[in-house]
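**Student:** If you read the sequences in order, they're chains A and B.
The opening residue of the first sequence carries number 1 in UniProt numbering; numbering runs sequentially from there.
The opening residue of the second sequence carries number 1 in UniProt numbering; numbering runs sequentially from there.
Mixed in with the good hints, there may be bad ones.
Label-pair restraints from in silico Cβ distances [as the list claims (entries may be wrong)]:
hint: 1; chain 1: A; residue 1: Phe26; chain 2: B; residue 2: Glu144; range: 30 to 36 Å
hint: 2; chain 1: B; residue 1: Pro10; chain 2: A; residue 2: Pro351; range: 21 to 27 Å
hint: 3; chain 1: A; residue 1: Thr136; chain 2: B; residue 2: Lys27; range: 38 to 44 Å
hint: 4; chain 1: B; residue 1: Val78; chain 2: A; residue 2: Leu268; range: 54 to 60 Å
hint: 5; chain 1: A; residue 1: Ile384; chain 2: B; residue 2: Leu11; range: 55 to 61 Å
hint: 6; chain 1: B; residue 1: Ala48; chain 2: A; residue 2: Leu99; range: 51 to 57 Å
Derived by calculation from the structure, the hints in this document are not laboratory data.
C-beta: ideal position from N, C-alpha, C; glycine also.
The residues making up each chain are set out below.
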Amino acid sequence: MSEFYFSLPLLLRLALQGVAVIAVLFPLAGACSMAERKVSAWIQGRPGPSRAIVPWLAWIPGIGFLQRLGVFHFTADGGKMFLKEDVIPGHVNKFYYYLAPLVAVVPALCTVVFVPFGAYWDAATAMMKPIILANTDIGILAVFAVSSLGVYSLILAGWASNSKYPFLGGVRASAQLISYELSMTLSILPVFLWVNVPGGEGTLSLFAVVEAQTQPGFFGGMWNIFLMPLSAFIFMVALFAETNRQPFDMPESEADLVGGFHTEYGELKWGLFFVAEYAHMFIGSGVFMILFCGGWNPLPWVSLADLLGWLGGFAPIFLNPVVSGLIAIGIFLAKLIFSIFVFMWVRWTLPRFRYDQVMKMGWQKLLPLSIGNLIFYAIAIAIIERS
Amino acid sequence: MSFKTVERKPLTLAERTYIPQILGGMKTTFKHLVKPKETLEYPEARPAILPGYRGVPTLVMDPNGREKCVSCQLCEFVCPPKAIRIKPGEIAAESTNAHVEKAPEEFDIDMLRCIYCGLCQEVCPEEAIWLQNVFSVSGYSRDEMVNNKQRLYELGGTLPDQHFKWDKKKAAEEAGNDAH
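So that you can see chain A by itself, here it is in the shape it has in the complex (with noise of 0.2 Å):
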């Protein structure tokens, strides 16, 4: 099975690579809006979306306990947005109109190249190798320099719709993320001078990252989030304001701004939107993950590779690729949906704020922060690894 895979010609395996993650990305982008509302929903202490079911499956005993979950709200909601009128405002440029949503989803699913999202023990070389579609050693610079174009969509869907709530959502997205992409990117940079050590070669690949918390040793094994707090907490606090997240939804407050940037859109075209804002939640999460959460191991100090050395004294079956592969993915997903979880739980935890006190916190809270982060990290690991 493997040998017909590999003797395939590099560019449809590649094309088959990306296909499969995509067709699994997606599907979770749209079952986090699903998420999203039964979380809402509990925690204001109704039992939320509980009800559709297609009859033929209701017959089936056991059933029940996936309706309560509600999860054929999500085929439901799916097909709502399928078979809805499409209704074109008459004052719009139609061709910048359809492409804004277009334009969301590209670099939302585009980022996930570049994110290693596992890794398998290659007994050949007796290491762990990278599950990632382009392992490329420029990570986390491409994964910023794309994931921040889908601001584009947002200003163009603004712009497009020719309405005045709208385009001051575009507008406020664009500052936003200006405001949070600086202090964000100075925030991790602690992270890679930790992991790459003087002298060495140096890279931005997010995998070297979680090496550099796989290694044996009180500091080696230890994750980010303990070493490097600030960066971590200023890191998150960017990634809800690069996600428009609540509480820095500024691009669609309902509250002042009706819809923000999707007023004028429904049906599918809305639904890509929130596809894409999930999706961009999913790489931001990731990226979370594998920088200061140790990515796919699933303990502090404890490593993929000595969970699977463990495993494999028990049945050798786990120190398959495939095997080690699903089990480094599962641990990843799992951080990953928890991260997500605790997205949709500070939406309603937290106010959102004023669009002054967003500029405010970001240019006079953040940023001096995380460049004093940065000036603090780099003295103490110069002084660590003179020593």
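Put chain B on the given structure of chain A with help from the hints.
**Tutor:** Then chain B, alone, in the frame of chain A:
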């Protein structure tokens, strides 16, 4: 006029970062997340209806299975939105209930007009019309929303009668006393 200056304490550093407050808030919301849900899931679970609730107006029978309504039309006159229509009718002389004299031939209540004010129940001298605990009314057409006499009796059923006025009337009649 005397003023009292309220002392505003400056926020501590921990308070200015908001982090303890945010974590406290997240603790609160998490408690709500795992708490039992408070929603009443309506079609399966029904709300408890207290006595005296003013639901849909219905017609009731007395414990002998007779119509209580004597088609006096007081409810029709008092009804503010004019939702009630009554066509009075006589009771046939050979009927065992002939001493009641009158009963409605038709009795319609238009639920699209009814405002559930309860004046019909207040005004009814025979306690024949009652607002009971039916609260969920729906239909596919305007005609369906008009409750006719048969439907009103189905909804109303039988209520305990405290007066047995007609029984007393009949007993009096049989005793040769026709003054009523």
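**Student:** Which earlier hints turn out false for this structure, listed by number in ascending order?
**Tutor:** Hints 1, 5 contradicted; others consistent.
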